[in-house]
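> Protein chains in written order, with this note's numbering: chain A, -19 to 133; chain B, -19 to 133; chain C, -19 to 133.
Hints in this document: simulated from the structure, not taken from any laboratory.
What you were told as hints is all true, and nothing was included just to trick you.
The list makes no distinction among identical chains, and a pair is therefore deemed to hold if it is satisfied within one copy or across any two copies.
Here are the simulated SDA-like pairs of lysine to any residue, each with C-alpha atoms no more than 20 Å apart in a straight line:
#1 Lys17 with Glu65
#2 Lys17 with Leu66
#3 Lys17 with Gln96
#4 Lys17 with Lys29
#5 Lys29 with Asn110
#6 Lys29 with Asn111
In case you want the letters, here they are:
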Amino acid sequence: MRIKYRNSIEELNRAVFSSDGNKAIGPFNTDTTLIYKTLKTNVGSAYNKHTGMFTAPVAGIYYFSFFYHAGGAHPVTVSLIKNNELIVMAHDHSTSHDGADNGGNAVLLQLQQRDQVYLRLGANTNVWGNNVVTTFSGFLLRQLIEGCNFNLN
Amino acid sequence: MRIKYRNSIEELNRAVFSSDGNKAIGPFNTDTTLIYKTLKTNVGSAYNKHTGMFTAPVAGIYYFSFFYHAGGAHPVTVSLIKNNELIVMAHDHSTSHDGADNGGNAVLLQLQQRDQVYLRLGANTNVWGNNVVTTFSGFLLRQLIEGCNFNLN
Amino acid sequence: MRIKYRNSIEELNRAVFSSDGNKAIGPFNTDTTLIYKTLKTNVGSAYNKHTGMFTAPVAGIYYFSFFYHAGGAHPVTVSLIKNNELIVMAHDHSTSHDGADNGGNAVLLQLQQRDQVYLRLGANTNVWGNNVVTTFSGFLLRQLIEGCNFNLN
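Just chain A, with the same shape it has in the complex (with noise of 0.2 Å):
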């Protein structure tokens, strides 16, 4: 069969995911690197599961969103990161009262090739992990070429 729209396959080949956990995580007494091993859209394997690392394979504006389903007993913080940027959070206060969170965000991101994306659970934190509840997802939405100015504000 005859391959047609060549170059947006390879694009879509490099940088579509989408992922999700399968365990109960946390809480931890530092800070963690949530990794989602089961996938449900990863094409091209820009989403490594066993770092957790989401990497950039060009540069472009990206779009990522996250959930997380996570019992009452303990305080929720899902960061996420880029490199070492602190880009968007979900927090929630532990309750004795209220026997379930949920929470989540979505940003964004302007990346250059080889960035790195990741979340991270905030130290003494939890989330319920499994294979449908705690989810995180990403995708290019535009590739952007070098030597262009954007007016960043």
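Please arrange chains B and C on chain A, whose structure you already have, making use of the hints.
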């Protein structure tokens, strides 16, 4: 007027949708498909507001997200289903102390043409349906061309 | 360096944005526009960080998402408004037992050029604004070409 970019417009005609409900829903004593009657954007009728089914018009990578609001007196389970397979879910416990619960989830999904995606409300759970708070959105991110191999892992 | 794909880059210049707040917000005794001062990504300045308005640079299908964190002592109502029309909303009750609330929503919207989209905090409600937890993102998914008919239902 001339139609430019005809291919991408035809794709749009068939695949972009967004929807939301407009009535209180559940609890029922069995799993129930959520049907969103009020559509903000449903170009090409990929979403059927009589059956609640989104039918993929073409093979591709799709992004889906949903959000709910629900009274705290009953638990909540909202599952995103592809054909008969559970993909992602959001749920919450009942509570006598917290008046209401919010939740949601999102996923990237590789669909074949005619795959069906819908939301299922779990037995004995409820969501607060009105035309702005409990919502379901989805769009085609990239079309896939038959005959190509993708590394899905 | 050569600029490839010039059309899609110009589109990018005008339409991709992501934003988040950086201070505690509300409660006020009237509805108030949320203004996000810290922008993660706002290529082309479609989002005005002085007015809080996203102005559509071209007619098209846009995807918007927002997330908030809020203390439980006050209710929360965050509405996504298109011009003067309520599109989607997230809200929560006040509670003396649950320390904090998280919520959000998302929608696909067909916009005409110069349509304005923004978030409105409801009277007597509050969100916890800082530059990572309460966020607003949006992007142009597909540009529409004038003179085409779409089946909106």
